[in-house]
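This is what each chain is made of:
Number of protein chains: 2
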Amino acid sequence: MFRTENEFVAWLQALAAPPGHAGGLKLSIGDDAALVTLKGRCELILTTDMSIEDVHFIHRLHPAEAVGHRALARSLSDVAAMGGVPRYALVSLAISKQLKRDWTSRFFRGLLALGHRFGVQLVGGDTALVPGRTFIDVLVAGEVPRGKALLRSGARAGDAIFVSGRLGLSALGLRLLRSHKARALSPPPEAGRLDRQAQAKLPQPPAREAVNAHLYPEPRCALGRFLSKRGAASALIDLSDGLSTDLSRLCEASGVGARLWAGKIPGPLLPDQADSLGLALHGGEDHQLLFTVAPQKRPRLPLKFQGQPLYQIGEIEAARGIRLVLPDGKVRTLKPAGWDYFKAPQLDGRRT
Amino acid sequence: MFRTENEFVAWLQALAAPPGHAGGLKLSIGDDAALVTLKGRCELILTTDMSIEDVHFIHRLHPAEAVGHRALARSLSDVAAMGGVPRYALVSLAISKQLKRDWTSRFFRGLLALGHRFGVQLVGGDTALVPGRTFIDVLVAGEVPRGKALLRSGARAGDAIFVSGRLGLSALGLRLLRSHKARALSPPPEAGRLDRQAQAKLPQPPAREAVNAHLYPEPRCALGRFLSKRGAASALIDLSDGLSTDLSRLCEASGVGARLWAGKIPGPLLPDQADSLGLALHGGEDHQLLFTVAPQKRPRLPLKFQGQPLYQIGEIEAARGIRLVLPDGKVRTLKPAGWDYFKAPQLDGRRT
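Just so you know, the sequences run in chain order A and B. Note that this note's numbering has the first sequence beginning at 1, numbered continuously upward. Note that this note's numbering has the second sequence beginning at 1, numbered continuously upward.
Don't read these hints as lab results, they were simulated from the structure. A virtual CB, placed ideally from N, CA and C, is assigned to each residue, including glycine. Treat the hints with caution; some may be incorrect.
[To be verified] Derived EDC-like pairs: lysine to aspartate or glutamate, alpha-carbon spacing no greater than 16 Å straight-line: (1) K97/A <-> D54/B; (2) K264/B <-> D328/B; (3) K335/A <-> E252/A; (4) K97/B <-> E252/A; (5) K297/B <-> E315/B.
[To be verified] What follows is a set of in silico ranges between Cβ atoms, one per label pair, in the way DEER data are often shown: (6) R146/A <-> K100/B: 39 to 45 Å; (7) L99/A <-> A319/B: 54 to 60 Å; (8) P131/B <-> K335/A: 22 to 28 Å; (9) P302/A <-> K100/B: 50 to 56 Å; (10) R146/A <-> R117/B: 51 to 57 Å; (11) H116/B <-> P131/A: 45 to 51 Å; (12) R117/A <-> K100/B: 56 to 62 Å; (13) H116/B <-> G321/A: 36 to 42 Å; (14) G119/B <-> A113/A: 36 to 42 Å.
[As the list claims (entries may be wrong)] Computed from the model, here is a short list of chain B residues facing chain A with C-beta under 10 Å: (15) L46; (16) T47; (17) L129; (18) F135; (19) A141; (20) S240; (21) G255; (22) G257; (23) G263; (24) I265; (25) L269; (26) L270; (27) Q273.
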């Protein structure tokens with residue numbers, strides 16, 4: 001571990017320097033606060049997401065690089081869900097004393113690799129050593145042209161409901177990692193190595209795709225921005241806590257209900273269709289986008305975006321609640337059963 | 001505790017609604033991210049500070065209101081140290097399962113009372129229940145007119161060094177709280193009640209003043225802004241980790257050294273002068289401002305600000321390192337001995 005704060009700050013400054021030039025940055029890690037500029041005529045987006053050991057990640061299942069990647073991806077996905085462009089990140093990191101310096105280094109490498117790819121620069125944060133669990137909080141500041149942010153509250157009866165990709169893959173990936181881990185011999189190898197070994201031994205897609213979706217989710221910032229620019233979507237949310245939960249939030253904010261067609265929801269394609277559907281409905285952390293499109297705006301929406309199909313999975317209705325139409329035509333009421341921090345505070349025991 | 005996230009968000013939205021109107025706020029708690037606007041021609045200040053149970057506060061010593069107040073005060077003080085105006089706050093809160101709903105409510109009341117007084121609105125955050133320690137991370141976004149931010153790096157040889165108030169009071173307050181607690185009967189009463197009882201039993205100033213300075217520090221935002229507007233200060237930092245540590249940081253950033261006059265440093269006025277000086281030099285969390293003033297700018301600086309004297313405690317020199325001139329004329333080298341997260345990760349054992 002680093003011996004002094006100065007040593008840590010110097011190391012992080014060197015690591016955080018981006019490959020290119022950062023336009024708006026005036027001052028970075030090392031002063032009292034970060035100082036940045038935004039483009040004129042933009043609104044500022046601010047979002048913060050925690051990643052807590054044993055709640056959002058498990059040290060023996062998640063390699064340090066993936067913990068860093070996932071911690072930033074959660075906030076980037078929130079910016080995507082506003083139709084904005086992420087610009088700056090601040091990372092607060094309370095590192096468990098039990099972790100080695102190597103873990104911190106790998107954590108930041110994972111986080112910064114994603115940040116650089118999305119044009120996001122690390123401009124500050126806070127750090128402490130703690131006796132207990134590792135705790136991470138990532139703040140991302142982004143921008144969106146004035147009046148162009150896409151909110152949860154704009155859905156209207158008759159709008160089509162779309163998702164931007166296959167759902168339930170992350171939850172399946174976690175299940176695979178956990179079941180593989182359960183079979184692993186003790187003493188367990190290093191987390192990162194275990195993960196690579198685990199991945200190598202897993203059957204090929206969809207298993208590898210699922211594990212990758214869980215460890216290294218790809219925020220859909222370009223799509224969010226596209227939907228905002230085109231004026232195509234009436235409401236937008238990211239799928240961080242599961243379709244059933246996040247769609248409920250969108251409907252509640254918009255004062256509407258929804259009808260979903262189970263057969264149209266793109267799941268992880270398991271042989272057991274009920275299992276696939278369950279993962280797609282309630283599995284969280286896919287970080288795909290869920291958005292609604294008014295009938296007259298449908299021509300603005302392409303069939304695919306960046307090579308990935310956009311799936312219509314249902315439509316908004318005036319009557320509150322979510323109705324799920326099963327392949328046999330029966331209709332069931334769908335309750336939010338995804339991630340709720342007040343109901344399911346522990347990673348173990350959820351979503352599998 | 002709250003049963004669902006919705007319940008918590010609704011409660012927090014009601015609580016966070018400010019008494020007045022929030023000019024720049026477009027969208028608050030409840031969407032994917034906060035959306036805010038800044039004044040034109042301003043730069044954005046971003047700062048984040050963690051408050052961790054058993055590191056930054058102790059449940060039995062610090063009432064929930066004080067934990068909330070102190071958590072926000074740390075970030076407000078960072079904005080003050082840039083000469084900026086704080087505008088928005090995001091709070092990430094991982095609440096220990098052992099705490100009751102009442103604690104969370106009191107925590108936010110303490111935080112919001114300070115926020116409202118400083119015109120800062122709570123616009124978002126993240127929340128989780130955790131099995132271990134309570135963890136808080138507060139992000140504050142502020143603004144400063146373009147080019148007007150006061151950095152740590154502007155001090156030059158010959159500049160006078162000022163502090164904005166008495167130092168070491170917070171460390172003394174913590175010591176008093178702790179020694180009183182050590183004498184308290186078991187079982188201990190509620191933290192908040194203990195604190196009020198403890199305060200009532202303590203002798204009058206400076207003890208009460210010290211306990212209050214520790215529990216409810218007052219960020220010096222108005223002074224920071226004044227120094228920026230007047231162009232009076234060449235460098236500015238807030239005293240969060242102790243004079244010896246924070247002055248070292250300012251000197252390092254500016255590439256200079258300093259000479260301090262021990263007899264001029266305003267300490268907590270204890271009968272034991274060496275003890276007073278030690279607290280003033282190394283005690284943290286006073287959140288006063290430390291700033292440097294070039295000789296030709298001295299006329300821009302008033303003797304007092306908001307009724308509180310500004311103390312010149314030394315001067316910047318070209319030679320690196322900090323030299324402390326004792327009352328008997330002897331000169332000692334002063335090493336940073338304040339708060340360093342990498343050296344002193346535990347609240348117990350430091351600063352007393």
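> Once the shortest beta carbon distance from F135/B to chain A is found, is it less than 10 Å?
Replying inline: Check passed: Cβ of F135/B comes within 5 Å of chain A, closer than 10 Å.
> Is 45 to 51 Å a correct range for the gap between the Cβ atoms of H116/B and P131/A?
Replying inline: With a Cβ separation near 35 Å, H116/B and P131/A fall outside 45 to 51 Å, so the hint is violated.
> Do the alpha carbons of K97/B and E252/A lie within 16 Å of each other, as the hint requires?
Replying inline: It is violated: about 28 Å lies between the C-alpha atoms, which goes past 16 Å.
>> Restraint: L269/B near chain A, CB-CB cut 10 Å. Satisfied or not?
In response: Violated: closest Cβ of chain A sits about 28 Å from L269/B, beyond 10 Å.
> Should the interface hint for L270/B be scored as holding, given a Cβ-Cβ cut-off of 10 Å against chain A?
Replying inline: 29 Å, violated
>> Restraint: G263/B near chain A, CB-CB cut 10 Å. Satisfied or not?
In response: Since the shortest Cβ distance to chain A is 28 Å, the answer is violated.
> Hey, K264/B versus D328/B, does the alpha-carbon distance stay inside 16 Å?
Replying inline: 13 Å, holds
> Are S240/B and chain A close enough, Cβ to Cβ, to be under 10 Å, as the hint says?
Replying inline: With Cβ-Cβ at 9 Å, under 10 Å, it holds.
> Taking 36 to 42 Å as the hint, is the beta-carbon distance of G119/B and A113/A inside that range?
Replying inline: 38 Å, holds
>> Let's test the interface hint: is any C-beta of chain A closer than 10 Å to that of G257/B?
In response: 16 Å, violated
>> A closest beta-carbon separation below 10 Å is what the hint needs, so does L129/B meet it against chain A?
In response: 4 Å, holds
>> Holds or violated: the hint that Q273/B contacts chain A, with Cβ atoms closer than 10 Å.
In response: 30 Å, violated
The structure fails to meet hints 4, 7, 10, 11, 12, 21, 22, 23, 24, 25, 26, 27 from the earlier list, while all remaining hints are met.
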